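Based on the hints, put chain B with the ligands in the right spot on chain A.
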Amino acid sequence: MEVLEAVLLGVPVTLLVTVAALALGAVLAVPLAAARRSRVVPLRWLGRVVIDVVRGIPPVVWLFLIFFGLGRDLIRLEPIEAGIIGLGVISAGYLAEIYRGGLSAVHAGQWEAASALGMGGTDTLVRVVAPQAFRVSLPAVTTYAISLLKDSTIVSAIGVSEILFRATQSARSTGAGLTPFFVAAAVYILLSAPLAWLSRGLDARLRARVAR
Amino acid sequence: MSAVAQEPAVVLDRIHKQFGDLVVVRDVSLTVARGEVVAIIGPSGSGKSTLLRCINLLERADSGRVEVVGRAVEPGAGVAGRDLAALRRSVGMVFQSFNLFPHMTVLRNVSLPQERVLGRSRAEADARSRQLLERVGLAAKADTYPSRCSGGQQQRVAIARALALDPEVMLFDEPTSALDPELGLEVLAVMRELAADGMTMVVVTHEIHFAADVADRVVVMADGAVLEEGTPEQVLRSPSTERARRFLSAVVDR
Ligand SMILES: Nc1ncnc2c1ncn2[C@@H]1O[C@H](COP(=O)(O)OP(=O)(O)O)[C@@H](O)[C@H]1O
Ligand SMILES: [Mg+2]
Numbered sequence: 001m002e003v004l005e006a007v008l009l010g011v012p013v014t015l016l017v018t019v020a021a022l023a024l025g026a027v028l029a030v031p032l033a034a035a036r037r038s039r040v041v042p043l044r045w046l047g048r049v050v051i052d053v054v055r056g057i058p059p060v061v062w063l064f065l066i067f068f069g070l071g072r073d074l075i076r077l078e079p080i081e082a083g084i085i086g087l088g089v090i091s092a093g094y095l096a097e098i099y100r101g102g103l104s105a106v107h108a109g110q111w112e113a114a115s116a117l118g119m120g121g122t123d124t125l126v127r128v129v130a131p132q133a134f135r136v137s138l139p140a141v142t143t144y145a146i147s148l149l150k151d152s153t154i155v156s157a158i159g160v161s162e163i164l165f166r167a168t169q170s171a172r173s174t175g176a177g178l179t180p181f182f183v184a185a186a187v188y189i190l191l192s193a194p195l196a197w198l199s200r201g202l203d204a205r206l207r208a209r210v211a212r
Numbered sequence: 001m002s003a004v005a006q007e008p009a010v011v012l013d014r015i016h017k018q019f020g021d022l023v024v025v026r027d028v029s030l031t032v033a034r035g036e037v038v039a040i041i042g043p044s045g046s047g048k049s050t051l052l053r054c055i056n057l058l059e060r061a062d063s064g065r066v067e068v069v070g071r072a073v074e075p076g077a078g079v080a081g082r083d084l085a086a087l088r089r090s091v092g093m094v095f096q097s098f099n100l101f102p103h104m105t106v107l108r109n110v111s112l113p114q115e116r117v118l119g120r121s122r123a124e125a126d127a128r129s130r131q132l133l134e135r136v137g138l139a140a141k142a143d144t145y146p147s148r149c150s151g152g153q154q155q156r157v158a159i160a161r162a163l164a165l166d167p168e169v170m171l172f173d174e175p176t177s178a179l180d181p182e183l184g185l186e187v188l189a190v191m192r193e194l195a196a197d198g199m200t201m202v203v204v205t206h207e208i209h210f211a212a213d214v215a216d217r218v219v220v221m222a223d224g225a226v227l228e229e230g231t232p233e234q235v236l237r238s239p240s241t242e243r244a245r246r247f248l249s250a251v252v253d254r
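Residue numbers (the UniProt record's numbering), protein chains in the order written: chain A, 1 to 212; chain B, 1 to 254.
FYI, nobody ran anything at the bench for these hints, they're computed from the structure. Just so you know, not all the hints are guaranteed correct.
Stated by the list, open to error - Short derived list, chain B residues pointing at chain A, Cβ under 8 Å:
id, residue
1, Met93
2, Phe101
3, Pro102
4, Leu112
5, Pro113
Claimed, not checked - From chain A, some residues computed to sit far from chain B (all C-beta separations above 12 Å):
id, residue
6, Leu9
7, Val13
8, Gly69
9, Gly93
10, Gly101
11, Tyr188
This structure is a prediction, so every number in the text was calculated from the model and none was measured. Ideal Cβ placement from N, Cα and C applies to all residues, glycine included.
Just chain A, with the same shape it has in the complex (with noise of 0.2 Å):
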């Protein structure tokens, strides 16, 4: 029971990294997306550059630099805050190309019609081809936002108190071997069941309406 306890302390840590982490990279990842998609050459290899560096470095390696560069010579960062920059920075890395790859999925009639209409850039954008693209995305970012729920643990490496580090503290204090690991195990198993459930629903739901 008291193992059970400790785990969960560390439940709404897990939960508010990954949110704020996959929050923060959603909106990075759209000046990134655009990068990669812009008429501008040089502003494409930019793009290009930034989502390969940010996926070429291992997490843990962003996190130290963030925490023990960043946080300790030029702002103050929690532990927390330097763990949800650096998953967010990652994220972005990976939800740009998740973005670009809904963005080419749709038709390029689309903006035709839509510029034919005389409508702008923008609101084609905005009412148009994103809500498209959205839907086709939707399925990948669900499986991005699992398994940053399980990759959300390296942050115990910089002190965050989130589920595994709980574990860890638990599995030393009390002796109790590898039951909390086993209970830490469980618990992410009914965090990510239920998101990946609620995608399958809302996808299933965005396809029987639009299906073509």
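Positioned in the frame of chain A, the structure of chain B with the ligands alone reads:
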């Protein structure tokens, strides 16, 4: 007649368009009078779509002048945003692949552009949309999604969507080519009515019967140039060039 009424709806003046080294439209000039219905026919790849798309600047001609209801632009020298907006407002276009917005109901498809382009309120736009859906025989489909409509119905919605912006010229790019013949007929019926109501129309089509019955003028294109043009009787019955004769016998005998 006033000067404005005599002014042509569309003037294409020596339009030239190439993609890389491929010249697709070479020095084509064409004038469409107000209320006139012009059918453009010709083998595939002859530049019909490209020429049509040069009218509403979906393609920018490399050189030449495009004039729509008195407003002229030279796409090769750049187009001001204001000119582009004005031109797009006076020209409606219907595509072979309908291009309805799949995530919106039929009603929203017709209303959204009115709200965004003309600044109509939702209520005003919806009222106009319902009126036009009635006109194309689809009032009952207002609240369904395009995916629940047949191809012919989708194309009629696309026509309503373009008409909702009160265009002065309508462009049609093979509007029935993606449809089964019966479904094509319902679309052609709507287009006939539109022509009878005096709409200026430029129609790229393989429907020789439609061209013969409805068009005031038929233009035959081949290899990026106008091969022949005249009344349907002249062009379809007694084409003057061998190339046009071959093309016509191929489509008529089909
Ligand atoms: N965006 C484009 N880029 C390159 N080539 C094109 C493009 N659009 C059309 N073409 C080429 O131009 C030629 C004429 O095309 P099109 O105007 O569509 O002819 P049609 O409508 O008469 O069949 C074709 O050879 C086609 O491959
Ligand atoms: Mg064509």
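Going through the hints against the structure:
1. Met93: With a minimum Cβ separation of about 4 Å from chain A (threshold 8 Å), the hint on methionine 93(B) holds.
2. Phe101: 5 Å, holds
3. Pro102: Result: holds, 4 Å to nearest chain A Cβ.
4. Leu112: 6 Å, holds
5. Pro113: With a minimum Cβ separation of about 4 Å from chain A (threshold 8 Å), the hint on proline 113(B) holds.
6. Leu9: At about 42 Å from chain B, leucine 9(A) clears the 12 Å cut-off, so the statement holds.
7. Val13: 37 Å, holds
8. Gly69: 44 Å, holds
9. Gly93: 27 Å, holds
10. Gly101: 18 Å, holds
11. Tyr188: 34 Å, holds
Hint compliance for this structure: no hint is broken.
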